[in-house]
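Protein chains: 6
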Amino acid sequence: MTDIIRADGRNSAQMRPVTIERGWSAQAEGSALISFGNTRVLCTASFTPGVPRWLAGTGTGWVTAEYSMLPRSTNERMQREAVKGRIGGRTHEISRLIGRSLRAIIDMKALGENTIVIDCDVLQADGGTRTTAITGAYVALADALEWARAQGHIAKKAQPLRDSVAAVSVGIVDGVPLSDLAYVEDSRAETDMNVVVTGSGDFVEVQGTAEGAPFKRAELDALLDLALASAADLTVLQQAVLAEGQ
Amino acid sequence: MTDIIRADGRNSAQMRPVTIERGWSAQAEGSALISFGNTRVLCTASFTPGVPRWLAGTGTGWVTAEYSMLPRSTNERMQREAVKGRIGGRTHEISRLIGRSLRAIIDMKALGENTIVIDCDVLQADGGTRTTAITGAYVALADALEWARAQGHIAKKAQPLRDSVAAVSVGIVDGVPLSDLAYVEDSRAETDMNVVVTGSGDFVEVQGTAEGAPFKRAELDALLDLALASAADLTVLQQAVLAEGQ
Amino acid sequence: MTDIIRADGRNSAQMRPVTIERGWSAQAEGSALISFGNTRVLCTASFTPGVPRWLAGTGTGWVTAEYSMLPRSTNERMQREAVKGRIGGRTHEISRLIGRSLRAIIDMKALGENTIVIDCDVLQADGGTRTTAITGAYVALADALEWARAQGHIAKKAQPLRDSVAAVSVGIVDGVPLSDLAYVEDSRAETDMNVVVTGSGDFVEVQGTAEGAPFKRAELDALLDLALASAADLTVLQQAVLAEGQ
Amino acid sequence: MTDIIRADGRNSAQMRPVTIERGWSAQAEGSALISFGNTRVLCTASFTPGVPRWLAGTGTGWVTAEYSMLPRSTNERMQREAVKGRIGGRTHEISRLIGRSLRAIIDMKALGENTIVIDCDVLQADGGTRTTAITGAYVALADALEWARAQGHIAKKAQPLRDSVAAVSVGIVDGVPLSDLAYVEDSRAETDMNVVVTGSGDFVEVQGTAEGAPFKRAELDALLDLALASAADLTVLQQAVLAEGQ
Amino acid sequence: MTDIIRADGRNSAQMRPVTIERGWSAQAEGSALISFGNTRVLCTASFTPGVPRWLAGTGTGWVTAEYSMLPRSTNERMQREAVKGRIGGRTHEISRLIGRSLRAIIDMKALGENTIVIDCDVLQADGGTRTTAITGAYVALADALEWARAQGHIAKKAQPLRDSVAAVSVGIVDGVPLSDLAYVEDSRAETDMNVVVTGSGDFVEVQGTAEGAPFKRAELDALLDLALASAADLTVLQQAVLAEGQ
Amino acid sequence: MTDIIRADGRNSAQMRPVTIERGWSAQAEGSALISFGNTRVLCTASFTPGVPRWLAGTGTGWVTAEYSMLPRSTNERMQREAVKGRIGGRTHEISRLIGRSLRAIIDMKALGENTIVIDCDVLQADGGTRTTAITGAYVALADALEWARAQGHIAKKAQPLRDSVAAVSVGIVDGVPLSDLAYVEDSRAETDMNVVVTGSGDFVEVQGTAEGAPFKRAELDALLDLALASAADLTVLQQAVLAEGQ
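Residue numbers (the working numbering), protein chains in the order written: chain A, 1 to 246; chain B, 1001 to 1246; chain C, 2001 to 2246; chain D, 3001 to 3246; chain E, 4001 to 4246; chain F, 5001 to 5246.
What the hints contain is simulated information worked out from the structure, not anything from laboratory work. Do not rely on the hints blindly, as some may be mistaken.
[Said to hold, decoys possible] Stretch by stretch, here's where chain B covers chain A in the computed footprint (C-beta under 8 Å, at least three residues):
no. : stretch
1   : 79-91
2   : 179-187
3   : 200-214
C-beta: ideal position from N, C-alpha, C; glycine also.
Go ahead and model the full structure; you've got the sequences and the hints to work with.
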């Protein structure tokens, strides 16, 4: 059976070119400039000793995330949320998703009473910004943890990372399940699913939405197959990037 | 194999008692006071001829939703979002979910240039408020559409409802997949999944989150089975309620 | 002299049917769902040990109130104040009125360093929402105090309630003083007065406003007579409701 | 019977010295800098042809008011509401009171489709700021109307002013009814009442509040007597000020 | 060479009449009502023992300023920033300028751990409000410091004032450098410069802006000459005002 | 006379390495990623046909700017202004400065009824972010204008750019005037001056502030000399970058 050819030349299961520039920021404890094709996200991890008041004395740490888009990351300029004076629902939702995804692979006891804030700022958007952000955030997070270990903020032998995490968007376009949707595909998808997967291949989040018609169980299964395969590729890339000296 | 007995006497696949008081509000074009056990949500549907500016002239309608919790719907009083001056991320996220779920079963062309706003106000919360809200919102929506037909706002033969929609939360607690989690179960769940299903049994939304450990493909499958079964029960109840004269 | 017959069949001095469902909420320390005709308000009382910082160490407690209307409590849907991001003047004004009315009958020393927050959420509005709220709030407050006594938060013999409190709106419509204005009457009233009265028959608040023409001293006197009579009826009802086992 | 002597030498029924500097502002269409003792309020009236959208085409005008206190008008500096980002309940409540009081004496048809905004900015506060503001606002309003007549915005023979309006605070301190409470009296008052009265001696607003113990009908009557007498004095002063060439 | 005559009769280097009413407020620790022609600003200085948390224990004090315009200080009424719910960029910028200007002449060690907040409220605006405010703020500040010395909050021999400070706006209108621009001049200026100068004749701030065409070095020099001369006049006036018994 | 050697090896008049990546963004009509040493700013220019309502029908265009810092552009993570819900004074002030600087070199008639919004997002901050932003914004602006000409939005022969513009911060550190202050120098500067200069060498803005002691006329002159020299270097670089094919 022959596969389709997508607008940018990919086949159905293929991701766009993925690049990760580790340590892009001179200021942050960990950082990565990550691209899924034309989608480019700057992820920084800020490490601070101590935790919010509601965790003080519990011996456990905290990891949270904030997502934002530059006003001209998109094809038409958007108004800044700071100018509007309020953060929109979509921004909140994605920030919460990124935070949950990272917390799922962290051993908060091993982190100890330390806080890591991950900022994911979309410099350029072409679909899949949240999955790009999660995948890059993991690299920034891993480096911030190594920095903290080197500084003595966490114990030499502590293993705060229980696993790695990556994410990919998959969807059904014209009846065909596709991996890593670009913006033009995403806007035409009948079903859109963001899947967050650990390096071990288990699910952290599955968020499927019928944009057009409701979807059947078999379609759901096909999308999950695609997502697991692409996430496995991203895991390999993350490991390779982190294996290099910085 | 014997099933477990839950704290409130249910077995694993059983929902809490569900009641729907249709037409609770004397003001709204459609309304329902719905309970899933102690979770009680007042759903109203407000019909207005006309659409937001970005839809004017397109011949298509609009359906949107807003979710909110009364400050003392919960065990500890929460601060009102109006007092805080901003709507939290969770509220935005749930409002968006309810709106998408309803739009998935509406034929916007058949609705014509009319707008329906669904308000889901949680009067009492004991887990599953978003799924309770979606299930009740469908009843309020259906009644508002009949009202609009009677008033001549939509054509006699138009069929804006393509299907019905209901929702249920399922999750894994102590390794056992359970349907319709009460608050005490939800707070202990390893995995929590909200599933929105049409009357025909297709998916509108699948939102699974690993609260503790990541979940395996087999666990995901078991949860989806549970959710489809419970949603089918809700569909039957919705049909029965709507079949009565109001 | 024959009295007038109002649109809903009442005579001039007659209130609408008043019902109080005590203990409506399973979560709050005290609660009441109260109706003045079609006006329905859910009042909850939330008890917390401790006081705001400015009262700490004074040995006196605090009682405050928040009033809000559900968006579709009214005939036309209103925008939520949480969505607008600010609380309107009318909401503030009514919240302050309810709080003052309750504080007037509380012995703050007998309450001790405890805080009670009363939430009055209007589920359906047909005139007189603030007076309905005050009347119901008293019942919720009384129950919260009994709960606190049972829990040992206030002393067995302490008498934090110095009196009871109820409220009624009166007004002049077509030259005739009427009690308990429904919305259609209120919107046509020349003068509108909200009167808050203790169980002993003294005034806590008198707020009279000329909506059309200024009003004369004799008219003011007639309205106060009506208000005192209706408030006395409400006092009897409150006592009856509180005398029942909950 | 001998009357009491108050801290500043007044007897019970006596107001503080009242001065009105008409036309204080070179910018506004009408203005007055008014003092009730140390309470000083700058009132300006801004006239604009045209009305808000909801009145367009009705042939009627609109009058509204905004009240504010300079941060150091009080003994302890208050935070600016612009800095807090929200207007407090008290400010809203007083702005609404001033607006209603002025609208009560305006014939909106005679005003025609014109808008007048009254700003009352408290430069120095020593009790009675809202009643001082209403009394000064009337003078600013009257001058703005004359300006509008001279400019041809309202007809030569139109009589938009149906009456004048003035206001005074009265209260019971140590059991004695007093007129025009200064701050030290106001903060000790058992009952505090703001009364807005037309030049003809009818009531526009009566707002009585039990600050300590509830008040009796006889006390209410005594306070109203005091208020009417003081308001009559203010009416005479307003007329004298407006009779002078500006 | 003959100088030009300006619309209000001044020559190019002449300021408008400047008056300073020291101690205008009965509430503030220092105050001045200052006029540059029709521009009138009420400046109050509020002294509080103690400093913000970030200065506690350092032995140094803090001086800050807030600037605001009454809504009808201008020819057309402006919306209040409290109503808008946010402070505009211009207001922030001017508040910051006033604060920096005053801090430049204060010895924070000699002030000790005390805070002074300067409020500059523009009652009437006709150009040069920020320079008028700075000049008046100095007088209010000086009086607040004397009050604090008299109260024992600062040491008898401490010299928190290292110098005085005054400010003037200068600009090029129709090619001619002018001092102290009135509003009609300011709105036509090609270049506008605000200059803050100490009593010793050194610069605290120089803010020059090309409103129309960029300006040359020689023009800059001419404007600075004008500004220094006018500032010297203001210094003399400030000293005279402060030399009088209050 | 020998010059000093600065911490990073520069002499007093030397700027840090300046790089401009023109066309960094695939979305914007013009863009530049500019670095002054470790300070990195992404400047995008968004072109839209049409103007704000207050300019419609005047035949003139509009150019405005917004400045923002990523939360981890600095050494310590800052809270996002969108999270705070309000834009700080410093941000407003810099946005306004950038906008004015660009408008000073634009012929708004030649631009026609078109709007350009410049976004300057600081990705990494090490002093001089506002001057870096202005210098990069000019390149983005020039490209957006060429894009608009190519698209036919502005006339073939129109010359909306009257000149170029660049900016540099200069200051006095330990008594020595230095060009292009890095963060460690800026935080120690006695006087800090931002100077915006056209390609022709005239001033658009001169903003000098005494951070420590007031500064003398001679110091001001020395700083202006430095700024003009550095700005001339920036002008050469801008021209070179724009001369390349994109």
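Item checked: Hint numbers not upheld by this structure, sorted from lowest to highest -> 2
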